[in-house]
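With chain V's structure known, arrange chain Y on it following the hints.
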Amino acid sequence: MMDYLYQLIEPLQSWLFQALVLPTLHSLGFMSYADGAYDATGIAVLGIAEVALIYALIRPIEALRPAERWTDRRGARVDVLYTLLYRSGALPLLFFLLLGPLLNSVDIGLRTLGYLPPNLEELIPGLQAVPLLAFCCYVVIIDFSLYWFHRAQHRLDWWWALHAVHHSQRQMSLWTDDRNHVLDGLLHSFWLAILALLIGVPGAQFAAIIFLMKLVESLSHANVHFGFGPVGDRLLVSPRYHRVHHGIGVGHEGQARGCNFATLFPVWDILFRTANFAPVYPATGIRDQLDGADYGRGFLAQQGLALRRMWRVMLRARPTFP
Amino acid sequence: MPRRSCLAPLLFALALSAAASARADIAFVLNSKDDDMTLIDTTTYQVIKRVPTGKEPHHLMPTPDNKELIIANAAGNDLLVVDPITGEFKRRILRIPDPYHLGFSPDQHWFVITANRLDRTDIYRYENGEFSLAKRIPMAKTTSHMAFTPDSRVVFITVQESDQVAAIDLPTQTVRWKVGTGRQPAGIWVTPDGKHLLVGMTGEDYVEVLTVADGQRIKKLVTGKGAHNFLPRGDGRHVFLSNRVDNTISIIDMKSLQVVETFPVPNGPDDMELKSDGSELWVTSRWINRVSVIDLQTKKLKHSIRVGRSPHGLYFHDHAPRR
Chain V
1 MMDYLYQLIE PLQSWLFQAL VLPTLHSLGF MSYADGAYDA TGIAVLGIAE
51 VALIYALIRP IEALRPAERW TDRRGARVDV LYTLLYRSGA LPLLFFLLLG
101 PLLNSVDIGL RTLGYLPPNL EELIPGLQAV PLLAFCCYVV IIDFSLYWFH
151 RAQHRLDWWW ALHAVHHSQR QMSLWTDDRN HVLDGLLHSF WLAILALLIG
201 VPGAQFAAII FLMKLVESLS HANVHFGFGP VGDRLLVSPR YHRVHHGIGV
251 GHEGQARGCN FATLFPVWDI LFRTANFAPV YPATGIRDQL DGADYGRGFL
301 AQQGLALRRM WRVMLRARPT FP
Chain Y
1 MPRRSCLAPL LFALALSAAA SARADIAFVL NSKDDDMTLI DTTTYQVIKR
51 VPTGKEPHHL MPTPDNKELI IANAAGNDLL VVDPITGEFK RRILRIPDPY
101 HLGFSPDQHW FVITANRLDR TDIYRYENGE FSLAKRIPMA KTTSHMAFTP
151 DSRVVFITVQ ESDQVAAIDL PTQTVRWKVG TGRQPAGIWV TPDGKHLLVG
201 MTGEDYVEVL TVADGQRIKK LVTGKGAHNF LPRGDGRHVF LSNRVDNTIS
251 IIDMKSLQVV ETFPVPNGPD DMELKSDGSE LWVTSRWINR VSVIDLQTKK
301 LKHSIRVGRS PHGLYFHDHA PRR
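Protein chains in written order, with the working numbering: chain V, 1 to 322; chain Y, 1 to 323.
Same shape as in the complex, but just chain V (with noise of 0.2 Å):
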């Protein structure tokens, strides 16, 4: 599917980096980064039509059959920033501006110590002539680890007081999924790449299992009111079941801090017992929202209030001496 799909951006990309990418990067001299930049080239152009291919599909079926009727989408407007920063390649070109360097040495520095990155591969014979069974060993790995990391952003004060700003959209919809603190996302890139270079995912593989789980977050972020019933939502993340998630009073603020973590397979849920299959549709946000708290409107707004919860957090923890 990944081969078909790049295909089709292929020409655009193509003539993208070589019209405008290619000649900057040789001007500037940083002719070393054109490969990873022809990357992010096909990255952007992808991202982009993956926008267009998810409001095609689902936007129609939030017109239809939506688990929320709203008077106005105004509240829903500023998401559509957030997801055209993130799947233009504008914010993850920051993150890697700021990363690279630094996984650049921790690369270096762990193959110099004589680590070098198990290949998968390796250890299952077979593997290699199965690319497929690779790709889903690796989505498997990626989806378990980002459930626990899932569970950190809202375990630990500091770090909600900036996945808050996720969660503090009460119109969710399908463009929601990428509502992140530029902080918490720039964590959440420094994650990825630090397992990606523990378990060594090749970069083709990676970037499919990215464009996987983004096209189900969207559909899980969608104000859509339907799940993939009984069987179906214990496999796969539904909207519905997502919806708990982000449900006033049960998704964070519920029994031990929240349930239904899990970005593709519930069964870490099932697991580690944070499943909630409960069949309803709760509206969306964070309990002191109902009692005027302010979360911000626009993207600065948002931004910078977190920011100011997380300084009052990590103030808060200091610790004091008589």
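Fair warning: there could be bad hints in the mix.
Listed below are the simulated SDA-like cross-link pairs for lysine to any residue, each with C-alpha atoms no more than 25 Å apart in a straight line [what the hints assert, rightly or not]:
(1) Lys178(Y) - Gly29(V)
(2) Lys67(Y) - Gly234(Y)
(3) Lys275(Y) - Asp83(Y)
(4) Lys299(Y) - Trp15(V)
(5) Lys135(Y) - Val106(V)
(6) Lys141(Y) - Leu97(V)
Negatives, chain Y to chain V, calculated, CB over 10 Å [what the hints assert, rightly or not]:
(7) Gln46
(8) Gly129
(9) His303
Which bits of chain V does chain Y cover? Going by a derived footprint, with three or more residues having C-beta under 8 Å, they are [said to hold, decoys possible]:
(10) 14–23
(11) 32–38
(12) 101–112
Since the hints were made in silico from the structure, they are not lab data.
Bear in mind the structure is a predicted one, so any value in this text is a computation, not a measurement.
All residues carry an ideal CB built from backbone N, CA and C; glycine is no exception.
Quick look at chain Y alone, frame taken from chain V:
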């Protein structure tokens, strides 16, 4: 000494069996971003098969006896060894850190690897088909391509992000000299008389001509933006050079040290391979995921063959002599 894999990948061998039975002259194209290679019948220009290699294969070359073809998996930290004629799996050599570029000295005693991400050059002794590490030499940022002197005493390494060329004495495994160059030196070639080095400046539009003895710059040959990699025409006099940004290939006369011709090749020409009869130049077109076959009579594009993503190294057995 790197250990060999004791787990012969049976499925890999099975995947190649069709190719092995075909016995056509096969072009091997490394798809560096797809972790596989495309096998192409060079007579029909049809893709025979795509076969997994290992992670991030960039460059490949045959062993000195031409009986094995070594594929370097940079991110996989291993070398895949296949039959250079059939593509049949032979073995995998594990625990070779970051093998980006690779080369054998002409006397076949040394095997050199540039560890592009680790900023070093690893030198192995090569005896009876076995590799044993002689020395790891730390270098400046991003070691890239290499070339040997005809007497096998020196290997020259381009150091891409540090804009350097370094000469390493092979018997002692020490750096003899290093010199600054233009931006992003990549491909490097020693002229047949053993006197000059040609260095492709990927961040510029020219080739620098250096002396082999001490790296003194004696000339600049303007070729095209993104001057990158070399392949000899096999006549002992001319060498092809790919220009990745200008989408051209230049032919350089190694005797007169002049550019004699430049012709277009689309979409980021990178590595090249030349048919033994000199009729066709095969080029990996990195920015469109294809291999371009150029008719050297007309200098026109004859075939464009779709391969995998970011095609880089290219090889076929029936190639022109490397001189």
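So, going through the hints one by one against the coordinates:
This hinted pair checks out: Lys178(Y) and Gly29(V) have alpha carbons roughly 21 Å apart, not beyond 25 Å. Between the alpha carbons of Lys67(Y) and Gly234(Y) the distance comes to roughly 20 Å, so the proposed pair stays at or under 25 Å and holds. Our distance criterion of 25 Å between C-alpha atoms is met by Lys275(Y) and Asp83(Y), whose separation comes to about 19 Å. A hinted pair counts as satisfied when its Cα atoms are at most 25 Å apart, and Lys299(Y) with Trp15(V) qualifies at roughly 23 Å.
As the CA atoms of Lys135(Y) and Val106(V) are separated by approximately 23 Å, the hinted pair is consistent with the 25 Å bound. Distance hint between Lys141(Y) and Leu97(V) is fulfilled; the C-alpha atoms sit about 18 Å from each other, no more than 25 Å. Against chain V, the non-interface label of Gln46(Y) holds: every CB pair exceeds 10 Å, the least being about 18 Å. No beta-carbon of chain V comes within 10 Å of the beta-carbon of Gly129(Y); the shortest separation is about 22 Å.
Its beta-carbon lying about 18 Å from the closest one in chain V, His303(Y) satisfies the requirement of being farther than 10 Å from that chain. Residue count for the region 14–23 of chain V with a Cβ under 8 Å from a Cβ of chain Y: 5. That meets the three needed, and the coverage hint holds. Counting residues of the region 32–38 of chain V whose beta-carbon sits less than 8 Å from any beta-carbon of chain Y gives 4, enough to reach three: the coverage restraint holds. Here the region 101–112 of chain V counts 5 residues with a CB under 8 Å from a CB of chain Y, which clears the bar of 3, and the coverage holds.
When each numbered hint is compared with the structure, no violation occurs for any of them.
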